[in-house]
Every structure is written in C-alpha cells, then in structure tokens.
Amino acid sequence: MSTAATAQDTAKSTRTGRLVLILFGVLLVLYLLYKLVYPLVFDAYTGVTNAPLSYPNSETLSDAAFEQLALELTEDTRRTRAEATVAQDQDAFARELKVEMLMRTASFMEDTEYSHIKYFRDAGLRTYQGPSTCLTCHETMQVEHADGSLGTVNTLDDIVNSVHFKFQSAASGFSTFGYDGRRVNAEDSRKIPVGKINRACGIPGSFSWTGWAALVQSRPHGDPHADVAAVPADRIVTRSEGCGQCHIGGNYHPATEKMMPVGDVPDTAKQGIDCLICHSAEYDMNQRYVVQDKHGRRWNQDRSMRAALAVGQTRNQNCLNCHQHNMGGDAYIHNVAAKSLGERHQRILHTGAKRGNPFSPESDAHAAAGIQCTDCHVPQGHKIPRGTKGVDLVATDLPDREVTCESCHSEAPHNASEHRALLNGHIARIACETCHINQLEDNNVILRDWVHPTWNAEEGLWEFTDVYRSGAPGKGIIYLWFNGNGTFLANALGDNPAGTGDYDPLMQQMVQITDPEAIAAIRAKAEELAQHYPDIDVDAYVKAATRPLSQLSPEMLAKRRQMIDANLKRAMAEGESKLYPFKPFNAMMYEDMANQGPFGAMILPFDYPTYYETGDTLAAMQVAIGDPIVRRMYQEPFKLYMMDEFMAYFGVEGGWKTDYPIRPDGSMPNVEAHWMRQMGTLMVNHGIQRQGQTCKDCHRPDGILDYAALGYPPERVEELESMDIVEKIDGDFASTPIPAPPADAGERSAAR
Amino acid sequence: MSGIPILTRRRALWMLPLLALFPPLAPAAPAGAPAPVAEATPTDRRAGTPAIPAAAADKVGIGSRDSQKCMRCHWMETMAYRDRETREIVNLSIDADAYRHSVHQGLACGDCHDRAYKHYPHRTSSADEGLSCVGCHAERQDDPSLSPPKLDAFDVQYQHSVHALEARLAGGGPFSCFSCHNPHSFRPLPNDTPVSEVVAANNGLCLDCHTELLSPVPKGHAWLPRPRQHWRAVRCLDCHTPLEGRQLYAPSHELLGATESNQNCVECHSRGGQLLAQLYVHRAEQEREREGFLAHAIYNDAYIIGMSRSPVIDRIGLAVVGLIVLGVAAHGYGRYLAYKRKRRAR
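Respectively, the protein sequence lines represent chains A and B. Counting from 1, one number per residue, gives the positions in the first sequence under the numbering used here. Counting from 1001, one number per residue, gives the positions in the second sequence under the numbering used here.
To be clear, the hints were calculated from the coordinates, so they are not data collected in a lab. Mixed in with the good hints there might be a few duds.
The list that follows gives simulated cross-link-like pairs (lysine-lysine, DSSO-like), each with its CA atoms no further than 30 Å apart [unchecked claim]:
1. B:1118 <-> A:696
2. B:1219 <-> A:728
3. A:696 <-> B:1069
Can you make the complete structure from the sequences, with help from the hints?
This is the structure we're talking about:
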C-alpha cells in the first residue's frame, strides 16, 4: 500500500519534473531562436548587412608615444587658453612673455589638462576601441530629469535608444498630424516607427537605406557623358556621399532593427557608435569618409588616441560637426567641419543649404556670446530636447521638454530701446525668430529639380539643379501662423488668433510663389535647363514649379479642399499661434503615382553613384528601388506592418498599393516626375541677429507680411499697413544705432 | 503713471484678485452686492484686438473712439517692460475682456489718463501722472451717472497698515492701491464664489509679492503647523487685520505686520471663531438657502466638538454616532427578543 503510494508520488513528481523540463527546453529553444536565428532571418529579409567593424586609425600606442601625445595635447590647449587669457594686452611682445609665464604657472597648468589623459594613463589604456573603451568606466551614467530628480541609466542602452542613433520613434510625442487629421502615433493609435530613417524627403533625394554610404567616381573637368568604366583611373577622384556622414552609427546601414517591435541592433553595430564625434575636442573630420570592405560600405570615423585623450564636455564644435551641414550648410564660409572633407574619398559638398541659418559667432548672437548648444537644448543623458514645436516628421526623445527663447529672455526681452514696451508687445503674436532672423544664407535652396541634373565640371559630377535659391524675406523665408503642429509633409499649422478664418496656407502660401523676382529667376533657370533638356516647356515648367497645385486633377483638388477643412482645421486651431519664419522647400522627383493623394505621391529615391556619375536620373531611381528593403516595402508584410498606416497619414486613401513601380517587362507606367503638391516649410531658429527687422519692413503696404493672406480683417490690415507711427520709430532706431559686438568676442569667450 | 508693477508671469492671478478684499462695498451688503457677471464668450476672447467694434453699447468705455486709439497698441498681451530700478516687469497690457467686465467698464481711457497720451511715443512726463483711487472716487461722488463707492474708510485703514508704514520709512519701496489692485480688471468676486477660490484669489495677491512665504518653513510662520495647507484654506488677511471693529462684509485694509497679527489658533478652530466670520459669511447664507435653516443648523461643519473644520472628522463622527444608534437599537431588539422568549416559556 505504502509502496504503491510512494510509487505514485514518484510518478507524479517525475511527471511534474518532466513538464518543467519540457517547458524550460521550449523556452530555451525560443530564446535561442530569438537570439541566434531571428537576426539572421531579419538580415536576410531586409537585405541589410551586419559584421564586426574595424577602424585602421584605432592604433595602439607605446607608453612613450602616449606620453608624447599627452604632452603635445596639453601644450596645445594650454597655449591656446593662455593666448586667449592675454588677448587684451596691447603689446605683442608683452603678450608673448605673458603666455610663457602662464605656461609655467602651476594653477594654470592644472586647469588646462584634459582629464582623460590621466584616466587613460592610470588605466593602462593605449588603444581607443570605440564604445567598449568608453564603457570600461562609463557603463552607467547619471541623468537629470526635467523635474530635477536624478536617475541612473545604462549608457549604451541610453545612446542606442536615442534619436541620435536610431533616428526614428514608434512612441507618441509627435507634433505631426496626418492629412487624415490624426496625430502621428497618438496615444490610442497603432504606433509605427517613423522619423528621418524612413521619411521621404526631396532635400537629400534618397532614403537612409538607399543613400547610407556611397562611393562616387567623379571626373573633374572630364567629359560629362563618358562612361566611368572607360575613364582612366588617374582621371577619377573617388568621393564619399550619403546620410551616414551625419549619423553616429558606423554600421553598414541605419538602425534598421529598431523598426521592429522585437529584436535589437546587434552588438557589433553598437560597437560602431562614434562617441568621439560628440565628446572629443580634437575629433578629426578628415577621418569621416566612406570605406568599402568585403561586407559593404560604411562611414569611417576618428578612433585615434589623439581624439580619445581630448574627451571633455560636449561643445558647440562637436554638435556643429554634423549640424552646421543642415544649418549654415556645407558652403557656409564658417563651417569648420566642411573644411576637413576627408583625408581620402572626400565628402561631396552640398552647395545648396537646407536651412541657411548658421550657428557660429559670425552669424548668430548666441554663438557670439559663447552660449553652448546644450545650454538651451539641455540633455537628459543622451536624450536631447528639440522643443515642443516641430513642423516636420522628426522623432524626438523628449517631446515635452521646452526649448524656448523666453526661458532665458523672459517675457520682456527688449530693454535697450525707448520703444521696448511696444517691441515686447509684439511677442503676443510674433515669434522672436520672425524679427531676429533678418535673412538666411543666399544659397538657401527653395526649389530643387532632381529630374534634370546639371553637370558640375569642376567637381566632375552630375548634380541636382537648384532652380531657385534665396535667403531673403518673402522669397527664401515665408511667414506663417504656427502653433507647434505640422503635417506629415512638413507644413506648419496654425491660425490667426484674431482672424477672419480665411487663413488657408495649404491652398495659398505653401502652394504658390508670387514674388516677381523669384518667378523671373525660376524662369531664367528653366530656360537654361531647356537648352539641355529639349522636352522642357518653359511655361509649363515655371507654372508647375511656382503653382504646384496646377499638377492636381480637379477631383484631387476638390478632395484636397475637403480634407483640409475636415481634417486639419482642428490641428490648426489648437494652442497659441504666432507668426514664425519658415524656409519653404519643394523638389521635383520621380513619384509612384499608384500611391498618390491630394498632397502628393510616394517619392522614389535615387542611387547616388549612378546619379552623380551618369546624370541618368531614371536609371539612378531604378537602381535605388532595386534595393532589397524598397522591394520589401512593396510586399504584403511591410504593407500591413506600416505602409498602410503611413499612407493614411500621407492623405492617400485605400491603403498602400504594392505594385512595384518597375514591371517585369521593364516598363514603369506609374512613375512620373512631379513637384510635391505643396512646399514643405522648415523651422528656422538659429542665425539670430541682435538687430532685428525694422518696423517698416512689416508695417507698410508692401511689407514682408501679407496681412490679408494671414487672415486679418480688412480694417486691421489697413491699420497694420499704415505708416503713421512706424516712420517716427524707425527714425529713432536710425539715430541711435545699436553698437555691433566686437567681432572677436565670440572666440574669446568660447576660449575661456 | 500708467504702469502697474506686476509680474506678468502671474498675470493669470490678476484676473482673480478682484477679491473679497473689496467685497460688496455698499453697507447693506449682500443685497447691494453686484450680481455675478456673465463669463466672457469665446468669441470675445478671440477678438483680442480693438479693431473689431462690438455692439453699439460698446461705444462707451474701452470701445469709445479715443480709447480704441489707445487699444491699438495696449491690447497686446505682452506689452511690458522691465523697470530699470525695481528689475520687475511692468505690464502695460489691457485685457479688453477683463476691462469690459470690470467695475470701471464705463470709463474711457481718457477719463483717468490725461491727454498727454495722445501721441506715440508718449511724453515721459505723462508717466508721472499721480492717479489715486481714493481721490478719483471722492471727486466723482456728485456724478449721478457714476456714483462710485467712497473709499475714504479704506484709505484711513490703509494709512495704518504695515504697507503704508513701511513705505513711509526711509528706504521703503513705493506702495499704492495699484501695488495690489489692477483697476483695469478690478471686479469684486461674486458672493457665490466657492471659499477655496476666494482664498486662492486673495492669497494669490499677497503671495505674488511675498514669494518668500512659499518656502517649507515660511519666515515668521514657524509657529503655524502645515503652512501650505493654511495658505489654501484661509486668507492671509483673516489673521493679518485687527480683530476689533471687524465688519462682516468689508475686510479691513489695515494689514498688520507679524508682531501685531493674530496667532491664536482657537480664534479659527472653534465654534463662532471670529477670524473666519468674514470669509464664511456668504457661504453660511448660501448654505442656509440651499439646505434650509434647520438642516444647516444641524449639519454644521463644526458640529461634533466644535473644533474641527475637517469633513473627514465630520464623517468619522457621523459614523460613530450611527454605530452607537445601531448598537442601542440592536441591544433594544435583543432585550425585546429575550423578553418574548421569557414570556413564551412562562
């Protein structure tokens, strides 16, 4: 009896044990599948590459070489700072002697040493190997939250999950509204990963996958129509191009894995993160170029000990390594990074500026005052706020964290002028930037034609044609009501708080270029293009470029009207609108007309090497959409996972059509070249000038603000355009000119 | 002077401090109190500019022709400057909505501010105009169309207040009616304003300047338990005005300094405490109206031991009483059952 019971017990416990074992086994198998098989399947499906990364400049130093480098670095910085300290001294000889004295002064010497020289020396580190080296000490870090509380985070996770690394977000917090009226990734909606990673944009003309890292064979002063393969090697100059130049991942592709709800970027890719571009005072931008290895192409980075030993606080120079590219532009004379284009495979300079609002002591009052980027964009660990307002579809790590002028300047910022109260009064309706960005850079690009490229003989490349560039108010800057919301294609939303309700930017300001000078310039460019492209009808070209709605059918136009009224009015009326300056932009690209709506069609990317080398734009497009990930985009899983939702936001009804633009027979019935149906409007917030626009710039009958179009009632327009008061005030401004700050003030304070 | 030194940051609070500090001024109190003014409609608010003429009735006051010229600039919500001496932001903005609902709604700008403002930029001397509430109200006593309340009594009280005394001392900052009251939005709080809002509006006015009292252990109030809770529940002036000679409907303007003020807890925390009589005067009336005299008399916030103003304690007390009643009833029922059983047995 008792034996039987024991046997039964044993049987029971064995059965339970077996169950637990099976369960454990299943979990283990699932875990192994997820960890080992899933990444392989993912890579195979999306066609992206992951492999261990190596950098030739990551050299190991001997102890002696280390000390020599430490000495040089210390001497250099000490001398720079000593020179800044004595800069006030009139006499050159006295300055020289004082510098030498300071160089031997004990307290000064202590203050001017890079802290990491000592850390590296003590830890015996003689090689910089990327994140693994940094994480030796910085495995976790302290972050300060908005409320002042402190927390500890894993440093690698913090950076890997920041927008700077993944440039996408599947979280809520977007100020972007779809043309269907829904806020992108709103709390109660199905969230899809969006951001720069997958945003269609006519400025770069490509996607982050198809344009990540490219090597272009240029032939300066060569024959534009020659076959590259036939050009002798000594006449060819290899150039680097691609989105990866400004993104901190050093991998063969962007953070594609982060597009999925499961999985993670492989450890090999995480080890490609470029810590030093943001954290080193001696980062060498000449190390930033595309390299080709057996796995593919990727961007090189500076992993020298020189850069590693010069680690310190992130300064403007670090941010501007990348961000001056989109602010001042590559051609901006004070763009420091653009002076170091690469020791080989030099990066292609983009001569048209994306925003044309530089941040440098020469062009911005804050930079001149030595203000650091992080003073306003206060980081929370590796998450950096861009403010609560955002017109474009850019992911943000800290959507609730304000970045405003008022936070420093208070609500009464004007103090010097006799008319300060009147000036302060304007803040109720006018954003600071509206007056204090007098103009953008001249090369600020408004219209970019990707379909009809121009040969650049000096560079030996076929380049997109910038049909119109301007930085002038009314031409290169337009003024719109803005409450912080934007549309899926970067159109500022807002409304006149005291208006008639007639303000209608998506049917007016953003769809027409009316300035006669601008139209004349566009016509001149069209005529120039027509000489090379006989199929261009100049009148039709100018019409489509300056009135993009003319490309819409009457039904589409009616649908557009209806969608604006039904879907966007609420997002326009939200919050508090003010007049902000915007840089308008439109591009002509190939579009997939199977996926079109009243606001545009899916634009198709270009392959950079094909484009730059041959100027055959159609071929360049075909190569780009041959990329595995674009092919996947035109398949059912991608459609269901995100493209249907994407199209809904895009204002395209009926979901994503998966007809691949190139038919098996090579025909492309759905591909057409068009301008986007409206101009995008990009926020401009830098390039702040102390002396803003004058009263008369706005308060006159033909001023830079079109009050009627901005929705003011006629009697108010008359009042705003009358010049009775402003003539007197502008006279006052003219008689007491505000002294310009000394030109070298910025450098001095920056050096301090 | 046309500027009212205030912090625009707390501009919102300006809307509230219309205060029971100046409760219905007519001596016959509640009956004479101004009726609650209707809320501004959203469209009113939207039309922040003077360019949109309202109905014909709006042609007076701020809607008058001359005033519209002023409002061409002064509507701007952010019209302000930072005073070079006080370093404070001086707000020059006139909220047209608030003005239309203020007690001064019938006055045009020029009725108070003289002609020197006709041109922009205004002559500097015009900023020195000595506007006085008391004087202006006195001068216009005989004007039947206005018949402003007399402010002489308030002036006497004010002259004895710590504010006036300190302003007269060497080194004391300037102080006037405008330090606390914005004539462009001034309107007494309606009688049916919930006590919590009355307190918030009132204390907002004090704490706007006395920001140091928002610290965990406010200066001079170390003896007071849970200061923040008190700031939310009673008006500063309930303790900081003299107990003697209090008028139920007109709080004194004789604000007392720390040493003279009331520090006796029982003055509030007791039945019939004098300090809170003013604050609760309207509420008591309204509750009587709503609940009836008897119910009000029985269900009084302070009914248990007469020292609590806590509804939680009230509810606990009520529960205790209820349980006792239940216990007594159960005991009685038990006695009854026992009696019946005994009788049956017999």
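Tell me the numbers of any earlier hints that the structure contravenes, in ascending order.
2
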